[in-house]
Amino acid sequence: MELGVFSFGDVQRKVGKLGPTHESVTNLLEAIQLADEVGLDVFGVGEHHTEYFPASSPATILAAAAATTKNIKLTSAVTVLSTEDPVRVYQQFATADIVSGDRVEIIAGRGSSTESFPLFGYDLRDYDRLYAEKLELLLQINASKDGKVTWDGQFRPALNDIEIVPRPKKPMDIWLATGGNPESSIRAASLGMPITYAIIGGHVSRFAPLIDLYREASRQYDVSHADTRVAIATPGYIAEDAKDAKDTFWKSWSWTMTTLGRVRGFAAPTRQHYDSESNVDGALFAGSPEEITERIIALHKKIGHSRHIFQMDTGQLPHDKFLRSIELLGTKVAPMVREALKSE
Amino acid sequence: MSKPSLGIIGSGRLGTAIARQASAAGYVVRLANSRGPESLSLIVKVLLPGVIATTVDEAILQSDSIVLALPLNQYKSLPVQLLKGKIVIDAMNYWPPTEGEIPEFMNQEVTSSEYIEQYLPGARIVKTLNHVAYNELEQHSLPEASPGRRAIALAGNDADAKAKVELLINDMGFDAVDLGVLSNGRRFQPDTSLFNTRLTAQEIRST
Ligand SMILES: NC(=O)c1ccc[n+]([C@@H]2O[C@H](COP(=O)([O-])OP(=O)(O)OC[C@H]3O[C@@H](n4cnc5c(N)ncnc54)[C@H](OP(=O)(O)O)[C@@H]3O)[C@@H](O)[C@H]2O)c1
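So the sequence lines, in the order shown, correspond to chains U and E.
Take the first sequence: its position 297, counting from 1, is numbered 297 in this note's numbering, and each next residue is one higher.
Take the second sequence: its position 93, counting from 1, is numbered 1093 in this note's numbering, and each next residue is one higher.
By construction, these hints were calculated from the structure, which means they are not laboratory data.
Using N, Cα and C, we set each Cβ at its ideal position, and we do this for glycine too.
Do not take every clue at face value.
Simulated crosslink set (EDC-like; lysine to aspartate or glutamate; CA at most 20 Å straight-line) [stated by the list, open to error]:
#1 E:K1045 with U:D222
#2 E:K1045 with U:E216
#3 E:K1045 with U:D212
#4 E:K1076 with U:D126
Quick partial rundown of chain U residues pointing at chain E, CB under 8 Å, derived from the structure [claimed, not checked]:
#5 T114
#6 F117
#7 L124
#8 R125
#9 G180
#10 N181
#11 P182
#12 E183
#13 G202
#14 H203
#15 R206
#16 D212
#17 V263
#18 R264
Cβ-Cβ distance ranges computed for the label pairs, FRET-style [stated by the list, open to error]:
#19 E:L1061 with U:A208: 31 to 39 Å
#20 E:S1193 with U:K70: 48 to 56 Å
#21 E:E1109 with U:G39: 58 to 66 Å
#22 E:E1109 with U:R129: 26 to 34 Å
#23 E:E1104 with U:E327: 51 to 59 Å
#24 U:K170 with E:L1167: 53 to 61 Å
#25 E:Q1202 with U:S276: 19 to 27 Å
#26 E:E1136 with U:R156: 32 to 40 Å
#27 E:S1193 with U:S205: 26 to 34 Å
#28 U:A158 with E:N1157: 45 to 53 Å
#29 U:E30 with E:N1157: 55 to 63 Å
#30 E:A1159 with U:T258: 35 to 43 Å
#31 U:R271 with E:E1104: 33 to 41 Å
The whole structure should be built from the sequences, with the hints applied where relevant.
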């Protein structure tokens, strides 16, 4: 089981205001470095374009981290592929992958945060068509044996036997991310892609039927060389003391949900709601190392996922607490999870 | 008495959640999207045994009530003629942050469902199911008369249509609260205290 962290580049709070966005980039680099040092398997950077989540260019951050880390896999989490040029995405991630020595991946999503659509001039009515077309092109570029691509589509100029470089030693892993639309599980299976389920609330086990759907579809499509790994991405935060972890994470999580609610028009969450989701089968993995270990193992028994990544820094979580949480995941939780699952 | 039939247009998060709850309650459920029934065969087989995958037109023709669970920005693809005389449950929201701005829905005077009512002449529109997160349709569903049972609001101009939709809401595991004419749907659109909040019937009535 791979364990890791993902982040949108949370900014810090400075005397009651949001701090500078440049600091979030340097903080992120420090966090990735630490995650590598404590032996975590993967770190993801998710594309967002806001004053509180300014990680708008994951490939750049990953390329910098690629040069300073040794073992950790580096991924986007996610790349909003619908509003990107797949050629450029490939070039940037391939470059970072070469710098890292084959450790870079892409997680491609349709985008549940849609701020990149107006920013780059795309129409949300084309939401799904954009994604389908761009995903297909990205996979084709990545799989090309000689680096040349011939392709024709609706949203980008055609490519006629064009060379797309640089070429890493082997194709990168490209995952599909989904928030629960069943058609996305089928799409990943039909393309032979591994899948990441992003679970932001509710019960985690509600995704079990979708994972069954993905696996059944993978058997039916039977794509050659298909990669059928299943990963889970959830909010999560670890501190030595369970109560401290839950109280600290409540502050950051509720800030984020309240802000998101203001944008999306839903009411702020209550502490009661938070408490019900930060235990047992809930999607919020905030707690002590022992508790989080138990919950990861229990979930693994239910759904057989091979990777679990946690978004820890949201809502201006103090940077030192973020670092400590990464350290606890790497030095306490990961060894206990590995020990418990070693017979698999 | 056998349950009525329900056609659902849109097979995404909300559409499949409604299909599961209604099917479990004994309704004959037909599910459709823009890509055709083939694209739904696995979804139905694995996630929704008993639900019939079909075309949008067939889902409408064969069902007593129709749920609109497609993105609002795709409403122009709806077959206006076929929806005449049908009970049409509008579960869609005008939600610029996720679906982008749609000029004709930017007029604050008219709610999205009133606009849809004008667009679909003869359809018996009931606005409901729009203010509950899809996963909570299953998670919060409880048998009738359970203490603390969550409620779902509805609004519409056709009393008989609303009475039938109230039965559906109850069968899906929620109390139904009729908030009156369709324009009152304003009370549970995005940006209201009812939107995406867990409330009982009494709590809805007193907000
Ligand atoms: N998600 C929720 O919790 C929730 C709750 C309450 C209300 N709503 C409302 O429900 C609607 C759908 O939301 P969602 O979250 O379920 O979206 P979603 O997961 O993206 O699903 C949208 C569905 O609509 C289908 N569709 C798209 N264009 C269509 C067309 N022209 N004709 C027929 N089907 C079409 C899509 O399939 P194809 O592309 O294959 O056709 C897809 O199955 C929105 O208006 C939303 O505001 C959502």
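Evaluated hints:
| no. | hint | in the structure |
| --- | --- | --- |
| 1 | E:K1045 with U:D222 | holds (18 Å) |
| 2 | E:K1045 with U:E216 | holds (10 Å) |
| 3 | E:K1045 with U:D212 | holds (11 Å) |
| 4 | E:K1076 with U:D126 | holds (14 Å) |
| 5 | T114 | holds (6 Å) |
| 6 | F117 | holds (6 Å) |
| 7 | L124 | holds (3 Å) |
| 8 | R125 | holds (5 Å) |
| 9 | G180 | holds (5 Å) |
| 10 | N181 | holds (5 Å) |
| 11 | P182 | holds (5 Å) |
| 12 | E183 | holds (7 Å) |
| 13 | G202 | holds (4 Å) |
| 14 | H203 | holds (6 Å) |
| 15 | R206 | holds (6 Å) |
| 16 | D212 | holds (6 Å) |
| 17 | V263 | holds (5 Å) |
| 18 | R264 | holds (5 Å) |
| 19 | E:L1061 with U:A208: 31 to 39 Å | holds (35 Å) |
| 20 | E:S1193 with U:K70: 48 to 56 Å | holds (51 Å) |
| 21 | E:E1109 with U:G39: 58 to 66 Å | holds (59 Å) |
| 22 | E:E1109 with U:R129: 26 to 34 Å | holds (33 Å) |
| 23 | E:E1104 with U:E327: 51 to 59 Å | holds (53 Å) |
| 24 | U:K170 with E:L1167: 53 to 61 Å | holds (58 Å) |
| 25 | E:Q1202 with U:S276: 19 to 27 Å | holds (21 Å) |
| 26 | E:E1136 with U:R156: 32 to 40 Å | holds (39 Å) |
| 27 | E:S1193 with U:S205: 26 to 34 Å | holds (30 Å) |
| 28 | U:A158 with E:N1157: 45 to 53 Å | holds (51 Å) |
| 29 | U:E30 with E:N1157: 55 to 63 Å | holds (59 Å) |
| 30 | E:A1159 with U:T258: 35 to 43 Å | holds (38 Å) |
| 31 | U:R271 with E:E1104: 33 to 41 Å | holds (40 Å) |
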